[in-house]
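K.L.:
Take a look at the letters that make up each chain.
2 protein chains.
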Amino acid sequence: MLKPEIIHRLQEIVGKDDVLSAREDLATYSYDGTTNWTGTPEVVVLPRTTEQISEIMKLATRHHIAVTPRGAGTNISGGSVPTRGGIVLCTVKMNRVLDINKTNLTAMVEPGVVLQDFNNMLAKENLFYPPDPQSFLGCTMGGTIAENSGGPLCVKYGVTKHYVLGLEVVLPSGYVMKVGGSTVKNRTGYDLVPLFTGSEGTLGVITRITLRLIPRPAARRTLMAIFDDMTLAGAVVSSILGAGIVPAKIEFVDNFVIRRIEEKMKIGLPVDAKTMLLIDVDGSEAAVESEAERILELLKEGGARIARRAKDETEAALYWKARSAGFAAIYSAARTVIAEDVTVPRDRLSEYIQRLDEISRKSGFPIVLIGHAGDGNIHPSVSTDSTDKEDLERLEDTLTAIFEMALELGGTLSGEHGIGLEKKRLLSRALDPMAIDAMRKIKAIFDPDNIMNPDKIWENA
Amino acid sequence: MLKPEIIHRLQEIVGKDDVLSAREDLATYSYDGTTNWTGTPEVVVLPRTTEQISEIMKLATRHHIAVTPRGAGTNISGGSVPTRGGIVLCTVKMNRVLDINKTNLTAMVEPGVVLQDFNNMLAKENLFYPPDPQSFLGCTMGGTIAENSGGPLCVKYGVTKHYVLGLEVVLPSGYVMKVGGSTVKNRTGYDLVPLFTGSEGTLGVITRITLRLIPRPAARRTLMAIFDDMTLAGAVVSSILGAGIVPAKIEFVDNFVIRRIEEKMKIGLPVDAKTMLLIDVDGSEAAVESEAERILELLKEGGARIARRAKDETEAALYWKARSAGFAAIYSAARTVIAEDVTVPRDRLSEYIQRLDEISRKSGFPIVLIGHAGDGNIHPSVSTDSTDKEDLERLEDTLTAIFEMALELGGTLSGEHGIGLEKKRLLSRALDPMAIDAMRKIKAIFDPDNIMNPDKIWENA
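Top line first, the protein sequences correspond to chains Z and U.
Quick note: the first sequence, position 449, residue 449 per the working numbering, numbers continuous.
Quick note: the second sequence, position 1, residue 1 per the working numbering, numbers continuous.
Any given hint might turn out to be false.
Since the list can't tell identical chains apart, any single copy or any two copies may satisfy a pair.
Stated by the list, open to error - Taking lysine-lysine and the DSBU-like style, the derived pairs with C-alpha atoms no more than 35 Å apart in a straight line are:
(1) K389 <-> K311
(2) K441 <-> K178
(3) K264 <-> K321
(4) K362 <-> K102
(5) K300 <-> K424
(6) K266 <-> K3
(7) K266 <-> K102
(8) K3 <-> K362
(9) K264 <-> K178
(10) K3 <-> K321
(11) K102 <-> K389
(12) K178 <-> K102
FYI, nobody ran anything at the bench for these hints, they're computed from the structure.
Note that this is a predicted model, so its numbers are computed, not measured.
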């Protein structure tokens, strides 16, 4: 346990009410969105200003206390689990949107702003911030930067790093460093903004974020297609993109998810179907009309049993609600669910789906497919029972097999969830050893005492 | 001079014909696109493979010889000037396009591919790579990555770093390192790709590049507007973007350029006008029609004397040729022309233009305005005579004044040209000192002996 004078000093910095140390409070901050990683902090602080965070970091450095920064803790890589106890530094009370500028197409926010709240504010100004991790209802902006979040919209709009212009970060020393700026064009030395974007809280605490926005697309169409063959569905994704159309979203769910959705929502999906694709196109009214028509043709040519456009916003919303419900259904179907996050080049999707099926049959683990087909980022969700030790060992081998297969197809270990605790055992097989060495040295530049979110990303971190 | 055995070893590595050491050859590689920086190399090598580059770097490290990597040398920051003699490593003979993939929307190229050649190949596949530095006819892909190049299209499409998925780089040690991959979603440790993108050849030699592409926009419209007041033109840029329209390009030229264009091309521009704006919109046929109409309205409401759409591709091409001719005209108008590259937030454009006018009047230096209004990146081109020493000192003060003004307006030191030699004296005033310190330490990770393009970016580098 931390010494009473440390707790006392934290109370001085942020005020008594914003320092939590009761057992039930600490338990609340002991887990993230994964089902298999936990760690209990010794204290939780909820600062409201950059200055307070600077003082907390100085204290932590002086006493060599591990600090785990977090927002809503919705990540699914173990990234915000305080493995070494220490201080959980939770930024949810820094939740001001400081600026929205329509001419510059920029915004400045604090890290604790909830993504959905931000999007609602932008919508009133006819503006749009595309990255849309599926935790959007609760996740905070600081977390989305630290994890370089993706989401369904990234097929058209790119990921979080494509939208971060500038950051204020508090380094472990307490120094408040500014990197980047507020213009898209900025060529002053090495670009440190993308280094902190996706750094999973291991380099510093993000305290202020300047973002690039785009105008809100004027129109949207949603299409739904049903396939009797998963690999056909994978191939049709390739044919849409090959035809020069980049939909805003191309989402994929498998038979398991279709059945769960139908059980819960009764929207008339054929429960014997192997795949449902949900596709959004957005842009000007005229553009979405012609794109939707062309995609319908391609879906039919590609062998869809059913291919139709949502007749109105209500039907479109119903489909997207079903997609969300599907994800929830996966998590409730087993005690332990690992949402894998490998990503493959899009032209390898059919092969990827086939080989996942083989891995599932061989291992005996059910593998459910749901995710972002347009990015080659369909999450294979492997379900098992975490209380069974033997099962867990076999599970690890199965996850390794999935990863190795993705790498063989030219893919990557993680598309959007990050490494955290979940994938660090595999990192050295995914990256050039010299690149890992460089990353560790970069970590040491900013965090020489290794107090910023230790144990994450690398083995022996 | 380098010892004969070094030259001999270089000849062994790349072959005799690809090692240049004649005086006239060395002179050819002694300058870049600036008018005021030069440095003569001791030898020039033109490798054809990554393996050759690895051998060259090992040799350079062993003998502690400075290496200046370059492509076509079109940069305008002194970035590829070999200030310490040593080896110029020119990648123009590595000019293969290795892969273009329509489904994945990716390409893989060698560093010596000329940007325009690449674009021509992509056009045949109906694909598009947006970054368009105005040296596109000659500049090579490796250089555009090393400089993180911008251009007119960046207002809508972002800059080079938004398109780089993966890199192969040869480090000073000779180690061939792979960073990133071939998918847009890739969350494996710190993102080293944007570190090398924009590193100005100071970290390693880029030998292979994987790029993200987009489908080629189906249609395009060009609009031209003439203003009697520069600040009105600046304000109208804000009103277009504020209306939710992001044109592909918004280019600005001033009265000096209008007169030069009219002298050379006689296309009927009013020579008394203060500003011409050239605007491109692209996208689907229907989208560009409605956007062009709306922009025409906004131009007229914003006080344009003339506002019209190019009636066909021929007229559009004429306007864009005039824009290019304008830039050439600036360079031919004086012995020394410094194309400043400060960038300001778009909503400060009017103020920026007004204050540049004040600086010009106070200093007596003509300042011509030409550039990317949509990015707040209008290059103020200051002309003088580099043979007059007193003039050059006053020029330095004037450039500093421009930079300080841009910073006051929330802008940045360089929007797209980079630091190189040109702006390194100002870097410490533009960035957080701790960020500069971190950059230098990152440099030392990859290049501990400081042989990779030394003297660039920082003072005492």
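K.L.:
Measure nothing new, just compare the shortest in-copy and cross-copy C-alpha distances for K102 and K389 to 35 Å and report within, between, both or neither.
P.N.:
neither (55 Å within a copy, 45 Å between copies)
K.L.:
Tell me, please, which holds for K178 and K102 at an alpha-carbon limit of 35 Å: within, between, both or neither?
P.N.:
within (23 Å within a copy, 39 Å between copies)
K.L.:
For the identical chains here, do K441 and K178 meet the 35 Å Cα criterion within one copy, between copies, both, or neither?
P.N.:
both (21 Å within a copy, 17 Å between copies)
K.L.:
Evaluate K300 and K424 at a C-alpha cut-off of 35 Å and name the case that applies: within, between, both or neither.
P.N.:
Neither. Shortest intra-copy (42 Å) and inter-copy (59 Å) distances fail the 35 Å Cα cut-off.
K.L.:
Within a copy, between copies, both or neither: which one fits K362 and K102 at a CA-CA cutoff of 35 Å?
P.N.:
Between. Shortest inter-copy distance 34 Å satisfies the 35 Å Cα cut-off; intra-copy 54 Å does not.
K.L.:
How would you classify K389 and K311 at a CA-CA limit of 35 Å: within, between, both, or neither?
P.N.:
Neither: 49 Å inside a chain and 73 Å across chains, both beyond 35 Å.
K.L.:
Classify it for me, K3 with K321: is the Cα-Cα distance of at most 35 Å met within a copy, between copies, both or neither?
P.N.:
neither (48 Å within a copy, 72 Å between copies)
K.L.:
For K3 and K362, with the copy left unspecified, which applies at a CA distance of at most 35 Å: within, between, both, or neither?
P.N.:
neither (52 Å within a copy, 63 Å between copies)
K.L.:
Indicate which option fits the pair K264, K321 if close means a Cα-Cα distance not exceeding 35 Å: within, between, both or neither.
P.N.:
within (11 Å within a copy, 61 Å between copies)
K.L.:
Please sort K266 with K102 into within, between, both or neither, judging by C-alpha distance up to 35 Å.
P.N.:
Classified as neither: same-chain Cα gap 42 Å, cross-chain 38 Å, threshold 35 Å.
K.L.:
How do K264 and K178 come out at 35 Å by Cα distance, when the copy is not named: within, between, both, or neither?
P.N.:
This pair counts as neither: shortest intra-copy Cα distance 49 Å, inter-copy 47 Å.
K.L.:
Checking an output row: K266 and K3, CA cutoff 35 Å. Within, between, both or neither?
P.N.:
neither (56 Å within a copy, 81 Å between copies)
Hints 1, 5, 6, 7, 8, 9, 10, 11, counting from the list given before, are not met by this structure.
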